[in-house]
Amino acid sequence: MTQRWFARELALAAMTSALLLGIGCARPASTVPAPKATALASALVESSGSKQIAAAGMVLPQPVVVQANDDQGNGVQGALVEMSGPAGVTFDPVNGLTDSSGQFTTSVSLGGMAGRYQIVARTRNKAQKPIEIELQEIALGYQETLGSQLNDKYCERCHNPESTAVRVSNYDNLEVKPHPFTDGNTLNQMSDADLTAIISHGGPALNKSPLMPPYGYTLSKTEIQALIAYIRAVSDPLYKSPGLVYAKNVEARL
Amino acid sequence: MASDGKTASLWQRLFGSSVRAFGVVSVLLLISLAIAPAKNHFSEWRHYQKQYLKMIRGRGEAVTLQRHYQGGIQQIWLPELGVVDRCSTCHVGLKEVGLADVATQPFRPHPVIPHKLDQFGCVVCHRGQGAATTVEEAHRSTLAWEQPILPAKYIESSCGQCHQGELTGAPELNEGRRLLAGYGCLHCHTVKLPNGGTWKATDDPPSLEHIADKTTREWIYAWLKDPQAYAASATMPNFLFSNDDARDISAFLMANSTVLAGDTIALPQKAAADPTAGPSLYGASFCASCHAVQNAAGNLVGGDVGPELTRVGNKVKPEWLQAWLRNPRGYDARTAMPHYRFDEQQVVTLSAFLLAKTDSDFLVTVHLEPATPEEIAHGKRLVIDYGCASCHEITGIRKPENFAPELSRIGSKAIPQLIFLPGMAHTLPDYISGKLRNPRAFASGLKMPKYSFSEPQIDAITTAMLSLNERARTLPLSLTVAATPESTYEPAGKAGQLMHDLACFSCHRINGHGGDMAPDLTWEGSSVQRAWLQDFLKNPNTLRPALIRRMPKFNLSNGEINELTDYILTVYQSPAIDRDSMPLSGYPPVQVEEGRQLFYSEYSCQACHILDSKTDKGYIGPTLTQVGSRLSAAWVYSWLKNPQGLRPGSIEPNRNMSDEDARSLTAFLMTQKGSGRKEAKEK
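Line order of the protein sequences matches chains Y and A. Position 82 of the first sequence, counting from 1, maps to 82 under the numbering used here, and the rest follow consecutively. Position 395 of the second sequence, counting from 1, maps to 395 under the numbering used here, and the rest follow consecutively.
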């Protein structure tokens, strides 16, 4: 009899503590009901909107557009497209049917952390198997945002071959072509120290063209670091940090 | 006995014998005593700290991380900021650069920011409840706490608490502030700054005192109904007036307007023989530097200093437009539009060209009966009720004081004081952005107009408004970084009047005052040669090949040109430059050749500048083909030594050039006299 009472007390205590612990972990789960697909696609392709750059937590400047196609590669109207992404990424709308040209358009806001965000668009084919495509978007933190501002002011006129109405590119005028900052195949080979050297002391510092002038007396050390952080952030393919490099006088960052 | 037995059985049923009862009570007591330590032991933060230790054990730098690790509740206490933060109790790896690859919270290191965590804590930027030690209480608003974590997209608002001015690295905040100050918000809403001043609006909506000279009642009606239908870029918000209200306000404004002499004189409409004369005069006057026009694709092309001109022919009366083109200062003394010295034929040509910019559908549906006195009186009441005089000058109506709620502390408004729309998340940022999206939805009888902001603009404005909070108002002044005070510089004398008349400050900045479309002229007097400046004012040609916006030709008289040249060369002199210290020509050929080599090899200036238009293509800096007849040698030398010293923010990199190199380059550049000027002289 005693044992039975003990058991009840213990169970009660256990339940209480479980409840106490549970409160902190409870998360309200929300799902948006999806409309019913009126058609099925056999392929999903990106129309536009990947590899965009925005500050962390912000809406991407352009919407993401994906297209559902049939076997002939024509757009399918009424296919259900559902979006998903890592924690913090939100879509407006998160799902919907493709329009008459087979396209589904959604506005994407990135999570609060700087870095790459892989978002997934999903639809179903006739066999009810999911078809997915992945798109990458880039979120900038403080340092990368500062770097992007410096890039706009000092670098982009030569390093970005694209001209716009307000900014005519100088790229075509240069005898030795600069590398666009998205050119990961080249820039990922260069260490942070290399980049610091070429930004501070100009092209000749790495036996490259003197058309790249030195900015070491114009930009501060912080600004050069910010610029490198930006270059790493937009690099395609993704730059993989070699990890912490132990060296003399490594300062704690904060 | 029977009752005893009953009692005993109840007692026994509950606790058994007294010994057993004692045991049960003791166990209960022990368990209740154990609750507190158990809660502590099973607390979330201990759980996270254990997880962290487990995570770092497997990493290469485990020893270093282990050495940095401190268990238990961690706290940052900053009395002068009112900060008690225990966030680093769970966010253990905040300062560990080596954990950059860790993606799971709460262990990610903090990204690089310009401040140290120990000096500012966490809640100063992120909000939330710093003293809490559970996830729920620290991050979300609960019954006892009201301050949830600030969503990442508004994080720059926190920078704005201390940094009152433009801040590099916070584009969102800067944009939000620009919109708040430039879209009329501050004409109705007061924002007091921590230093005691008031935030000033940057826009200057037009006076309506003589509106009937300028436009028709039908246009006013259509504009009131939907300003963006006339011009997509219009900054005037939509007051959602009913047809009757728009009819009455337009009636009042027309009846209230007084006539300005000169606005009604029509010039003989000599049709321009050449159909290209209009567009070419519009182009040569560089109207597009300030005014935009929608092109066939629907894109706006041109600047945003002046109003969009896509449908200007639907708006203005021909006589008014001609008077305006002749001298805009007659109608509006403060206008940013320069007084071009157009001759009569030019005024006729340009006005005919502009008046042809119409949209035939625009006013077709507007038919207004002549106004009755009742309608005019009702219109006046509406103008007073809606605070039109907050922005516009209207004869007989005073600018209302405190017309709309003050926004000095909007960023810390308490949630219970807010009204939310159904389905809206109950947070302050959601309230502010919801209000910006649809201001009238929150109650009936509200007067705030509807703006047509895009979603990114709404985010930016919300960011700027969240920075106007209690903390910003109560920070010690020593911690705030005040905005650069606005310069009140005005040039003096006759030349000053001339510069005002030509609206030089709409584009150029001098001594901190003026626009940023064109070069800063603070030291222009040290920089240029007299003959070049005179030629340039007579016939401005562009120095930078890639620029679309250029200095217009004002048709100045020789007297005016001399007046301006004298003033600029005498007054805008840098104390650091002695113009006469270096000659304009006569440098030894060896030095010139040395300079040429430095120009093309070591310094590779041709990347950005064109010196020889046959071989060089650089598009970024000014063309240097005639730099030797444009600039003073002393200026070129000082510029080469330190460009930012002469024009802060110049993108020309400082090359840390030796004196010798700078002298050789100067010698070489001064030999580049160009050919255009010589020929002009000979003529």
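Among the hints, a few may not be true.
What the hints assert, rightly or not - Straight-line distance between alpha carbons at most 30 Å, and here's what the computed DSS-like set of lysine-lysine pairs gives:
1. Lys317/A x Lys153/Y
2. Lys95/A x Lys116/A
3. Lys221/Y x Lys177/Y
4. Lys317/A x Lys553/A
5. Lys641/A x Lys177/Y
6. Lys116/A x Lys177/Y
7. Lys116/A x Lys153/Y
8. Lys617/A x Lys208/Y
9. Lys641/A x Lys240/Y
10. Lys617/A x Lys177/Y
11. Lys153/Y x Lys614/A
Stated by the list, open to error - Label pairs and their calculated CB-CB ranges:
12. Lys116/A x Gln62/Y: 32 to 38 Å
13. Leu240/A x Lys177/Y: 53 to 59 Å
14. Asp516/A x Glu162/Y: 41 to 47 Å
15. Gly262/A x Lys177/Y: 26 to 32 Å
16. Pro86/Y x Ala425/A: 16 to 22 Å
To be verified - Residues from chain Y shown here face chain A by an in silico Cβ test under 7 Å; the list is partial:
17. Ala114
18. Val168
19. Tyr171
20. Asn173
21. Gly184
22. Pro213
23. Tyr215
None of these hints come from the bench; they were simulated from the model. Virtual Cβ for every residue (Gly too), placed ideally from N, Cα, C.
Here is what the structure says about each hint:
no.	hint	verdict
1	Lys317/A x Lys153/Y	violated (43 Å)
2	Lys95/A x Lys116/A	holds (10 Å)
3	Lys221/Y x Lys177/Y	holds (26 Å)
4	Lys317/A x Lys553/A	holds (26 Å)
5	Lys641/A x Lys177/Y	holds (27 Å)
6	Lys116/A x Lys177/Y	violated (40 Å)
7	Lys116/A x Lys153/Y	holds (27 Å)
8	Lys617/A x Lys208/Y	holds (20 Å)
9	Lys641/A x Lys240/Y	violated (39 Å)
10	Lys617/A x Lys177/Y	holds (13 Å)
11	Lys153/Y x Lys614/A	holds (28 Å)
12	Lys116/A x Gln62/Y: 32 to 38 Å	holds (37 Å)
13	Leu240/A x Lys177/Y: 53 to 59 Å	holds (54 Å)
14	Asp516/A x Glu162/Y: 41 to 47 Å	violated (24 Å)
15	Gly262/A x Lys177/Y: 26 to 32 Å	violated (58 Å)
16	Pro86/Y x Ala425/A: 16 to 22 Å	holds (21 Å)
17	Ala114	holds (6 Å)
18	Val168	holds (4 Å)
19	Tyr171	violated (9 Å)
20	Asn173	holds (4 Å)
21	Gly184	violated (18 Å)
22	Pro213	holds (5 Å)
23	Tyr215	holds (5 Å)
When held up to the earlier numbered hints, the structure conflicts with 1, 6, 9, 14, 15, 19 and 21 and fits the remainder.
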